[in-house]
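Visitor: Here's the letter readout for the chains.
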Amino acid sequence: MDKEKFIQVITENKNLLYKICNSYCPNPSNRQDLEQEILLQLWKNIKNFDGRVKISTWIYKVALNTAISNFRLDCKRVDKPSENDLAYFSLPDFEYDSEFDEKLQLLNKLINGMSKLDKALMLLYLDNYKQKEIAEILGISDSNVATKVNRIKQNLREKFSNY
Amino acid sequence: MELEELKKVWSDYDKKLTENLKTNNELIRKMNLNNAKSTMDTPKRYEIVNVIGGFVFLLAVITYTIKLSTDYRVLVSGILTSVWAMISLLLSVRLLNSIVKVDFYNDSIIKIQKQMIKYKKQFFSMKKYMLYTGPVFVIAAFPFLAKAMTGLDIFMLPVNYAVGVAIVLIIGYPVSIWINKHWYENKMIDTEKFLEEINKFETEQ
Chain H
2 MDKEKFIQVI
12 TENKNLLYKI
22 CNSYCPNPSN
32 RQDLEQEILL
42 QLWKNIKNFD
52 GRVKISTWIY
62 KVALNTAISN
72 FRLDCKRVDK
82 PSENDLAYFS
92 LPDFEYDSEF
102 DEKLQLLNKL
112 INGMSKLDKA
122 LMLLYLDNYK
132 QKEIAEILGI
142 SDSNVATKVN
152 RIKQNLREKF
162 SNY
Chain Y
18 MELEELKKVW
28 SDYDKKLTEN
38 LKTNNELIRK
48 MNLNNAKSTM
58 DTPKRYEIVN
68 VIGGFVFLLA
78 VITYTIKLST
88 DYRVLVSGIL
98 TSVWAMISLL
108 LSVRLLNSIV
118 KVDFYNDSII
128 KIQKQMIKYK
138 KQFFSMKKYM
148 LYTGPVFVIA
158 AFPFLAKAMT
168 GLDIFMLPVN
178 YAVGVAIVLI
188 IGYPVSIWIN
198 KHWYENKMID
208 TEKFLEEINK
218 FETEQ
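Heads up: the protein sequence lines correspond to chains H and Y, in order. So in our numbering, spot 123 of the first sequence is number 124, and the numbers just go up one at a time. So in our numbering, spot 20 of the second sequence is number 37, and the numbers just go up one at a time.
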């Protein structure tokens with residue numbers, strides 16, 4: 002695959018890449034490292050993509066594995082953004098209505114508070130992956146996925162009962 | 018809020034991203050994609066270098082041990098060095114074997130993360146072995162290495178050797194213990210915790 006085709010694939014899947022990077026590395030000044038690492042992994046291995054699953058599913062798997070394994074990247078560290086910090090994915094301020102904004106902040110807060118693996122499950126669930134697909138991507142049983150989703154629901158009720 | 022409501026928020030967020038999120042294509046074009054080293058590749062490269070280097074070192078040590086075997090003291094030193102080099106090489110081969118088995122792109126996330134943990138645990142154990150045996154290795158190998166590399170017979174200078182041994186023991190062990198405690202032990206604890214987390218995640222019913 003040439004670079005232009007690769008950029009096209011990335012552009013088509015920019016939302017999921019941004020959501021994963023943002024969930025695993027909420028600090029924008031450090032997020033570029035994770036974005037770069039994920040792009041490198043995708044580039045190096047896209048030749049191994051055999052079409053058995055959707056390209057978005059494959060990208061999800063590679064990106065999640067990279068984000069979970071990022072033993073060199075310190076996403077908790079807060080650096081001041083420098084002029085050289087260029088993001089691969091940038092989100093200009095766009096207008097939310099206040100209710101949506103509040104709910105999105107709550108959701109991000111919930112995701113940020115989760116463990117790395119729960120986060121992966123939550124992202125897949127929110128992006129409408131079926132229970133069976135989530136089980137396959139994560140490598141756990143269907144019933145295990147169902148149990149975890151129920152647990153997340155229960156946590157939500159406890160944490161956000163006021164909303 | 019219920020989970021279904023959050024899904025709706027997420028879906029609206031996705032729509033907003035589709036409309037507003039920009040991919041910096043120029044930055045991707047400028048990336049040296051073919052030659053860039055990724056974090057995932059580093060351990061593999063590191064272990065390959067270790068295995069090749071370890072093998073060459075072991076070969077050199079064995080060759081010189083045989084060559085210098087007329088002096089039994091150097092022979093003993095050479096054998097100890099060979100044993101140390103052999104164990105280090107075997108540990109490097111084991112590490113390389115662990116890392117090449119990881120299929121980042123086809124296996125499930127849990128399987129990959131478990132393999133990564135196995136590699137990390139072996140890596141930290143090897144570092145511990147190297148740190149704790151390092152001072153003894155320096156003491157045992159010095160007579161042989163000095164003779165093989167410079168022709169110096171350290172047994173002709175017993176006082177100097179004894180002082181060297183004392184310095185290595187007095188400084189080497191506290192430094193080794195400190196490095197292991199501050200660099201590797203904490204990482205090992207984090208790795209163990211993550212393994213526990215994975216096991217719990219995998220078995221929760």
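In short, the hints are calculated from the structure, not lab data. Misleading hints may appear alongside valid ones.
[To be verified] No farther apart than 27 Å at their CA atoms in a straight line, the calculated lysine-lysine pairs in the BS3-like style are these:
#1 Y/K32 / H/K15
#2 Y/K61 / Y/K84
#3 Y/K25 / H/K110
#4 H/K117 / Y/K25
#5 Y/K198 / H/K120
Visitor: State for each hint whether it applies.
Guide: Going through the hints against the structure:
no. : hint            : verdict
1   : Y/K32 / H/K15   : holds, 12 Å
2   : Y/K61 / Y/K84   : violated, 35 Å
3   : Y/K25 / H/K110  : holds, 16 Å
4   : H/K117 / Y/K25  : holds, 23 Å
5   : Y/K198 / H/K120 : violated, 31 Å
In summary, the structure is inconsistent with hints 2, 5 from the numbered list given earlier, while agreeing with the others.
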